[in-house]
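Q: So the chains spell out like this:
There are 2 protein chains.
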Amino acid sequence: MVDPVLPSSGVLSPLGLDDVRLAPGFWGDRVALNNDVTIAHCREWQEREGWIGNFRGERPRRGREFSDSEMYKLLEAMAWAGHPGLPELAASVARAQEGDGYLNTRWSGSRYTDLEWGHELYCYGHLLQAGVARLRSYGEDELTRVTIKAADHVCRRFMDGTQTCGHPEIEMALVELYRATGTERYLEMARRFVERRGLPALGEIRFGRAYFQDDVPVREARVFRGHAVRALYLACGVVDVAVETGDEELLKAVESQWERTVARRTHLTGGMGSRHQDESFGDDYELPPDRAYNETCASIASIMLAHRLLLATGDVRYADLTERTLYNMLATGVALDGRSFFYANPLHVRVPAEPLDGVNHAAEGGLRSPWFDVSCCPNNIARTLASLPAYLAGAEPDGVRIHHYTPSEIRGADLAVRVETGYPWDGSVLVRVLADGAGRIGLRVPAWASDSTLTRGEEVRPVRPGYVYAEGPWRAGDELRLELPMRPRWTFPDRRIDALRGSAAVERGPLVYCAESVGDEPPLGDLTARAEPPAEHVVDGVVELEVPAVIGGADGDGWPYGPASVPGGGTDVRLRLVPYHRWGNRGPATMRVWLPV
Amino acid sequence: MVDPVLPSSGVLSPLGLDDVRLAPGFWGDRVALNNDVTIAHCREWQEREGWIGNFRGERPRRGREFSDSEMYKLLEAMAWAGHPGLPELAASVARAQEGDGYLNTRWSGSRYTDLEWGHELYCYGHLLQAGVARLRSYGEDELTRVTIKAADHVCRRFMDGTQTCGHPEIEMALVELYRATGTERYLEMARRFVERRGLPALGEIRFGRAYFQDDVPVREARVFRGHAVRALYLACGVVDVAVETGDEELLKAVESQWERTVARRTHLTGGMGSRHQDESFGDDYELPPDRAYNETCASIASIMLAHRLLLATGDVRYADLTERTLYNMLATGVALDGRSFFYANPLHVRVPAEPLDGVNHAAEGGLRSPWFDVSCCPNNIARTLASLPAYLAGAEPDGVRIHHYTPSEIRGADLAVRVETGYPWDGSVLVRVLADGAGRIGLRVPAWASDSTLTRGEEVRPVRPGYVYAEGPWRAGDELRLELPMRPRWTFPDRRIDALRGSAAVERGPLVYCAESVGDEPPLGDLTARAEPPAEHVVDGVVELEVPAVIGGADGDGWPYGPASVPGGGTDVRLRLVPYHRWGNRGPATMRVWLPV
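Top line first, the protein sequences correspond to chains A and B.
Numbering follows this note's numbering, with no gaps: position 158 of the first sequence is 158.
Take any residue in the second sequence, note its place counting from 1, add 1000, and you have its number in this note's numbering.
Hints were generated in silico from the structure; no laboratory data involved.
Careful, some of the hints might be misleading.
What the hints assert, rightly or not - Here's a subset of chain B near chain A, in silico, CB distances under 8 Å, partners left out: (1) His1348; (2) Pro1560; (3) Tyr1561.
Stated by the list, open to error - Chain A stretches covered by chain B per the calculated footprint, using a threshold of three residues with CB under 8 Å from any CB of chain B: (4) 266-276; (5) 286-295; (6) 348-356; (7) 495-505.
Just so it is clear, the structure is predicted and the values come from calculations on it, not from any experiment.
Don't be surprised by glycine CBs; every beta carbon is placed ideally from N, CA and C.
All chains, please: the whole structure from these sequences, using the hints.
A: Below is the structure:
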């Protein structure tokens, strides 16, 4: 089956990319843009920056120590998208591989001398994922042979001993290669990498061992911590190992870490990782809107993890977080033209960013950039969108479950259905059965969607958040209609989130909204909104909202602390709110999701 | 005169260290501890870490590229304190100097190849300040000869051209050396370094040119920005150049940058520099209590700058900020035993830090550490406390002004007085004239001290914030008594400071207070205080406060955003507040200055 994650057991089984065909719509459009434009953009920039040339032996070598991984993510994207340029790039990769399988354009000659920061095993991880993508979408070729040779080298070099990599990633890749090939040593190698971590397996670094999750063994950890992408990639690998080895305790450990992380270390958008300095989670309830780092790659890692947990357990909460993260992080990470990207995704921007045509040397989140020194996010977006259909629905022994609604055709088990919807703008979802069949159809009612209804023929029934099922048998032409309530709603933070005290945000369906100020539009610095029901306007197919607000006359510029809160004052305005994923598409802007109320 | 800053003109003239003699009391105790314990501690650690050995030619060289500057700060502290160990260390420094005056243990052999990050001119700056301290407190010796030779080398190498240093510091040092020696080229060199900045004079770096204030010329900047210590050291040099060249426009530029920075980029404690990542100010109103970086060195730089602006203008606001910064940052930076230090000074700590006996590789602010990889703060505290008397009072043509009240004897102009007070615990300040004399005595009434009175003989008069004057002539035994109101007060933030919305802090006199929780004490994570008048208790000579509060029963651990604020609930407690400068002296703790109200 053509799919990035194919566990051998679990409550749900994946559907392949061929089983979920996207039609034009919110995600269909984005996947098409990705496959047509973004993949080519990424290739072009990797050529320009010399990261592809590194594989051809061009010197001096260019890019950071982990730049090989960008080539592999691009190859993975190309594999899923069936891009014809893959073999040429794969040939360059093959050329750089050494006789014993070692492959790294930075560390050849000083192999494995800096496991903490070298990213060699991390790079193999991405190579293996690209190889698996190729194997499943095409079959054996030069890229898959390079992959196997590299994986065998890793097993020979690391099976014994206590070492691992400063950046997790290879764990899940080895399990997937095991799933794709049946070679058990890959699973065993992954298992050992997981179990070694935290004993500890790595040396001291400035940020402390929690940075790369080497502070405590994975079974003993209570929460995701340290570098967010590392923590979440590791957790993906742990779930994969747990599923393939039948290790319930290990799976439960990750579930409980996920639960605590979602409750205490996750932004409203689904973004994870608050701190800029070390790209880490930070402490419980440290969720500042302005300095929210929320790296795009961490949100992709979170989607990957929630997908694995959903497959293993069938628990709707994983699909709920995925939806939030898809619409408010993944869709935000790339511009509407497919050619520029956010690295960090703050929820409040006070100063408009400077426009930039070239490489962004920083990872701030004020304006999307075409490329970065560390350009993990564009390539990660490319491979994720290229395999997006895999995330939208799943199979059960007795039917299918649809997790996410976008115009599409879905074939699984004994069923074929078409989904027709204007979601997320419109809450009406029509599921039309395309051929006679059996088995139940499960539809996800999102956590926010109380007061939903499901209509089948004459029968209209109220349904609650969670999966709701309609039983077969089915005749071609049968219809189910799910109606999700799309009233905008005000959302308030837990009072332990200090940075959000006194503020509220507006959501509508799965979308988080924000105020954005471009050019001469009213400033957002001294703003008080009234938490009244927002008005709706449809502008070019996008639902925008409007709330009453007062934009304050600025206080004086003296010492900003005094004996009493200065009362509001200011001018009444109608504050326009746009979906967060669309902000920053009109040029340099200030923005805020959380509004003082 | 023995003093770190001796401008040739200004509204106020400095008093020398010999003119302000501290008696036991808040600052007298701290200066004595510094001179007896902290200076020796710093020397011991610099020996242990090899930074002194670098000057003796020991190899491999140890420490960061700027570690030479720590030796120079230590030498400066020793010079002010009259420490007998100075000549031995100075001899090591002399030994490392090259024939043409060049002196740097890191870059010898590759001189000036990395002005952006090399810190060579920065290191000279600290050497020059040490040399000036020695010249003024002792006279010519080996250290002062090394200093002159180095300064002459710098002038030869950099007088022409467009270059400067990535870390400002040498500007103020050159001006002071000019003041100490009369050699005009040092002033001219400083002037050129100031004027070159922002043209730009340095290359691109990852953090952008604002990081080292090379984004715009200093005359055009509106606010302090970028790396806080760099910005504030530069501003000190700019004031010095402006004063010595009579450049009113340049002085006004710094005054206006200072004003805007204090209004928008300064924490309640006087701390400056919010961001950890690049140790920078961040944007206007970006003042998070938990991630406040507030480097101790930045507060020292802020004190140095305000001192220069006070001397130049006589404006009380500079003394007000200095007081705030002295009591809430400088006094916080060092433990009560003089042997451990804060690098960062957050206003909210959620997780107790791990105790650490050795070198702290991070710069977090949870617990004071004996030493750091980058150990600028301990040595900076040592030199600042060793010269503290210089900051406490100043001379006018017709008398003295006392800026800060601590038990001391002050001699200036035609006056000699003794200050007797229990300040900051007690608001009563007795100024006793020690000998017949003339001239007016100016006393600062702090900005927070409305309802103060000044008593002279039978006359009691209400006095307002600002300087209040009592005219001479004086007879020995005459007394002035200033009564400052020490009622604790609730302080609220400007509503543009998003991170503090819905919170208030308690201050008493010049002190900011905080709640601290050690061990089994009630947790501070879910707390609501009532903004009622705090009760006072004196514990071991320290005034502690108490306010009513509710410590909430924690919410559940689900998704932390929902349709309504969860109402309070919880347990009524009497919340104990301690002076912020004393927090973290009882072991690992959580802490918060800003209390939800």
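Q: Does each hint hold? Answer for all of them.
A: We went through each hint and held it up to the structure:
Taken as an interface hint, histidine 1348 of chain B checks out: its beta carbon lies about 7 Å from the nearest beta carbon of chain A, inside 8 Å. With its C-beta approaching chain A no nearer than about 4 Å, proline 1560 of chain B sits inside the 8 Å limit, and its interface hint holds. With a cut of 8 Å, the hint placing tyrosine 1561 of chain B at the interface with chain A holds, because the nearest CB-to-CB distance is about 5 Å. Only when three residues or more bring their CB closer than 8 Å to a CB of chain B does the claim for the segment 266-276 of chain A stand; here the count is 4, and the claim holds.
Counting residues of the segment 286-295 of chain A whose C-beta sits closer than 8 Å to any C-beta of chain B gives 5, which meets the bar of three, so the coverage hint holds. Counting residues of the segment 348-356 of chain A whose C-beta lies closer than 8 Å to any C-beta of chain B gives 3; at least three are required, and the coverage claim holds. Closer than 8 Å: that is the beta-carbon criterion, and the segment 495-505 of chain A has 9 residues meeting it against chain B, so the requirement of 3 holds.
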